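**Student:** Generate coordinates for the entire structure from the input sequences, incorporating the hints supplied.
Going line by line, the protein sequences match chains R and W. If you're matching positions, the first sequence starts at 471 in the numbering used here and goes up one per residue. If you're matching positions, the second sequence starts at 527 in the numbering used here and goes up one per residue.
To be clear, the hints were calculated from the coordinates, so they are not data collected in a lab. Computed from a prediction, not measured in an experiment: that's the story for all the values here. All C-beta atoms in this analysis are idealised placements derived from N, C-alpha and C, irrespective of residue type, glycine included. One or more hints might be untrue.
[Stated by the list, open to error] So the derived label-pair ranges between C-beta atoms look like this:
hint	chain 1	residue 1	chain 2	residue 2	range
1	R	Trp525	W	Leu699	44 to 50 angstroms
2	R	Arg791	W	Gly583	51 to 57 angstroms
3	R	Glu673	W	Pro574	43 to 49 angstroms
[To be verified] Residues from chain W that face chain R, not an exhaustive set, calculated with beta carbons under 10 angstroms:
hint	residue
4	Ala546
5	Ile559
6	Val611
7	Ala621
8	Leu626
9	Ile643
10	Tyr650
11	Ala735
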Amino acid sequence: MTSASSSTMVIATPAPATRRAERDARRDRWFARALKASALLVLAVLLGAALSTLWGGREVLFGEGLRFLASSEWNPVDDRYGALAPIFGTVLTSIIAIVLAVPVAFGIALFLTEIAPEWMRAWFSAAIELLAAIPSIIYGMWGLFVFVPFMAEQVQPALTAVLGELPLLGALFSGPPLGLGILTAGIVLAVMIVPFIAAVMREVFLAVPGRLKESARALGATTWEVVWHIVLPATRSAVIGGIFLGLGRALGETMAVTFVLGNAYDIQASLLMPGTSISSSIANEFNEAVGNHRSALLALGFLLFVVTFFVLLIARVMLRRLARREGTA
Amino acid sequence: MNGLYRRRALGNGAAITFAAASTALGLGFLGWILWTTLSRGISAIGVPLFTRISAHGEDGGLANAIVGSGIINFMAILFAAPIGVMAGAWLAEYAAHSRLGALIRFMNDILLSAPSIVLGLFVYVVVVLPMTAWSNGAVSFSAFAGALALALIALPVIVRTTDEMLRLQPMTLREAALSLGVPQWKLTSQVLLRAAGSGILTGILLALARVAGETAPLLFTAFGNNYMAFGPLEKMASLPTIIYQYTNDPNPAMHAIAWAGALMITLFVLALGLLARWFLVRGHIRHD
Numbered sequence: 471m472t473s474a475s476s477s478t479m480v481i482a483t484p485a486p487a488t489r490r491a492e493r494d495a496r497r498d499r500w501f502a503r504a505l506k507a508s509a510l511l512v513l514a515v516l517l518g519a520a521l522s523t524l525w526g527g528r529e530v531l532f533g534e535g536l537r538f539l540a541s542s543e544w545n546p547v548d549d550r551y552g553a554l555a556p557i558f559g560t561v562l563t564s565i566i567a568i569v570l571a572v573p574v575a576f577g578i579a580l581f582l583t584e585i586a587p588e589w590m591r592a593w594f595s596a597a598i599e600l601l602a603a604i605p606s607i608i609y610g611m612w613g614l615f616v617f618v619p620f621m622a623e624q625v626q627p628a629l630t631a632v633l634g635e636l637p638l639l640g641a642l643f644s645g646p647p648l649g650l651g652i653l654t655a656g657i658v659l660a661v662m663i664v665p666f667i668a669a670v671m672r673e674v675f676l677a678v679p680g681r682l683k684e685s686a687r688a689l690g691a692t693t694w695e696v697v698w699h700i701v702l703p704a705t706r707s708a709v710i711g712g713i714f715l716g717l718g719r720a721l722g723e724t725m726a727v728t729f730v731l732g733n734a735y736d737i738q739a740s741l742l743m744p745g746t747s748i749s750s751s752i753a754n755e756f757n758e759a760v761g762n763h764r765s766a767l768l769a770l771g772f773l774l775f776v777v778t779f780f781v782l783l784i785a786r787v788m789l790r791r792l793a794r795r796e797g798t799a
Numbered sequence: 527m528n529g530l531y532r533r534r535a536l537g538n539g540a541a542i543t544f545a546a547a548s549t550a551l552g553l554g555f556l557g558w559i560l561w562t563t564l565s566r567g568i569s570a571i572g573v574p575l576f577t578r579i580s581a582h583g584e585d586g587g588l589a590n591a592i593v594g595s596g597i598i599n600f601m602a603i604l605f606a607a608p609i610g611v612m613a614g615a616w617l618a619e620y621a622a623h624s625r626l627g628a629l630i631r632f633m634n635d636i637l638l639s640a641p642s643i644v645l646g647l648f649v650y651v652v653v654v655l656p657m658t659a660w661s662n663g664a665v666s667f668s669a670f671a672g673a674l675a676l677a678l679i680a681l682p683v684i685v686r687t688t689d690e691m692l693r694l695q696p697m698t699l700r701e702a703a704l705s706l707g708v709p710q711w712k713l714t715s716q717v718l719l720r721a722a723g724s725g726i727l728t729g730i731l732l733a734l735a736r737v738a739g740e741t742a743p744l745l746f747t748a749f750g751n752n753y754m755a756f757g758p759l760e761k762m763a764s765l766p767t768i769i770y771q772y773t774n775d776p777n778p779a780m781h782a783i784a785w786a787g788a789l790m791i792t793l794f795v796l797a798l799g800l801l802a803r804w805f806l807v808r809g810h811i812r813h814d
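**Tutor:** As structure tokens, this is what we get:
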């Protein structure tokens, strides 16, 4: 090539425009690769979180196997760990939170989309969103210093007096009014997840075509009938998605429940008694834990991650189902 | 007929009352929590809070925690913002209709609500443990690890807003640039990202608001420190972890300091929310 270079100058050194096109093409490729690698990092984080906690908890998860899940004994002194009490607490507080939060969130979404006067909607929506922006540790502090005394002095004695004597339900509401406990944690969680569920519901209620609602109105339907017979059936899957989104939040929430649960590894029938949860066990004990104790806590973290992953998966699938139907309609 | 009509009207009235009561309940809790934070926090705010460190206990302040929170949050956004914007740009510009793009967008939404405490455990296992082993215990918990844990929480927020903001940009903008012979990388980085700038900045501010109050993942990554620390490989205090520590303390004087810290975080988060909204509004007006 060098010998011919003097006579074929044009071919040896490409025109500047071609060179620039090549350079741009090269940069394009690297740019796309860098962007794609960043995007793949999202998958890597999810996978890494699952694998690292599985790896960290392997001694207990594979060494103890099902005994870890089925045992309620949690005893760092004897180095024996069973996950039943934290699982019980996590599930029970989340169920209480969902049972309390869903009707309230529905009421708020109903109010903000169908009932409130126009000027009020934007302001109240922003205020409810504010509730979601408050950091969870603030909920925890408020729960411990304000809500726990309120529960102990006002709510729990009343609950025990009214419901404690009933034949079956009574067991749920018996015991001393400690203020702390499963029920209190469930209520604090409910306050935390209401804005998330309400935001999803409000959004999908607003997406229901106006002519559907107007048609029902024209037939004489009341506001409630429009919502119950038109809006809810049209948005059912997304509403369920929103509820699962709230459930995912409730399962993994740490700081709001750690202070108010009471940190007791007991499984008791009464909702007024202290308990523990997966996340609060980890938060309370992880820094002092070594050996099997740490492994057990990491194994709990793995369980929590897997369960919330599937709950959130269901939530997103349900939410997407509505979005897709909207697209084709 | 009259009975049916009355029953329907009653049912409707009951539903409206229930909806209004639910909203009042939600706003009531908001007011209750904000009022508690404000009234208990304000009484403990004073000059020593900003000048003294937490090693002095009840006579101390939160200076080291404020500095620590600033450093850790700044580093977290420094890690998460470029990667998040790049990932969001890929989803919007390169993978808008690809199957992998759909999968990543879906998984990003899950990461958005994943339990933050597990992300803290993840960083503990892959960063804190190896660093402890390599340095023979000289370095263990660190501000770097804490920032990394927070970055993992901020990442999905930034990815999602970038993706959404870029997809809002008009197709004519892309066509105009491409017809001028602008290569794809220049189109994405210098035309689209710039046009969506205020929206992306909103996403970054929202991500900062999200991580500013995070406590659980910092407990076993940055750990905490009662003295002033600046190095990224040192244990570092932060407002949320010191609030956690002081709330668990039986001494009421410590609770007062914790409330002051809680008020600071709340005001910071709310201010960020307002700022984000303001940016978004300004951006919309400019593009309309």
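**Student:** Could you work out which earlier hints the structure fails to respect and list their numbers in ascending sequence?
**Tutor:** none
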